[in-house]
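What follows is each chain in one-letter form.
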Amino acid sequence: MDLILTYLKVFVTGGLICLIGQILIDKTRLTPARILVTFVTAGAILTGLGIYQYIVDFGSAGATVPISGFGYSLAKGVIQEIDKIGFLGIFTGGVKATAAGIAAAVFFGYFCALFSKSDIK
Amino acid sequence: MNYTKLNMNEQEYSDYVDAHSKKSPIVKNCTLAFIVGGFICIIGQIFTDIFQHYGLSFKTASTYSTILLVLIAAILTAFKLYAKIGKFAGAGSIVPITGFSNSIVSPAIEYKTEGVVLGIGANMFKIAGPVLVYGICTSTLIGIVYWLIKLI
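Chains as they are written, first to last, in the numbering used here: chain Y, 3 to 123; chain U, 25 to 176.
Any given hint could be a false lead.
[Unchecked claim] Simulated coverage check for chain U against chain Y, where a stretch passes if three residues somewhere in it have a Cβ under 8 Å from a Cβ of chain Y:
1) 57-68
2) 89-103
3) 106-118
4) 124-138
5) 146-157
Since the hints were made in silico from the structure, they are not lab data. The beta-carbon is built from N, C-alpha and C at its ideal position, and this holds for glycine as well.
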């Protein structure tokens, strides 16, 4: 029963974040690139204000899988690293916390593009 | 007659386009975005739970989950399947991390003919680049503010 409730929270949280994105696309004609940038920035700012942590606590993957969760990881990484090593953490914390995601996206992205057929019509 | 008028100003043209372009069915779009987006997040949660079940810490498990989602989306994009999901899911396939992965692979394939350096290498970051720039700049600014507050 607990498991179902957890998954329901994940579904609703993730769904709602995507719904906001869809409203932005439909109402403002923002391009996907601008949507992604808006969400990553919003995620980081909300984390800095201490709000996004509550959303993550409630929705777990529902809040971390959307790209706003990438902003959350960046900002949280920076804050934690400042607590640990001080000033240098401002510059090392963010990328350190998201290194796996960035490296995976670049590596898999490159090889998938390399082995995929480019279809020119 | 309205459509014969050739010297329309910007506002008139914008109204003209609005009147003639198909109205996007916003309720249907939002429902699909909600369902697909929520579903992708559930897959992420399932991966995390499985990794945790095999003894990994929450942090490590969710990192592996992210890597796996990125890999799956990259493969789906390479086989032109992600675009099919995107066609009806809209933001539901753009906003999750899988959309970030798709935004890297998709232009890379498109510009592949321009070579492996300036074709794939440069165009991989057409959308992912701005995301990294804004994400890192924002979080660094937050870091500076946080550091200053701690100082006081």
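Q: If any of the earlier hints don't hold here, list their numbers in rising order.
A: Result: no hint breaks.
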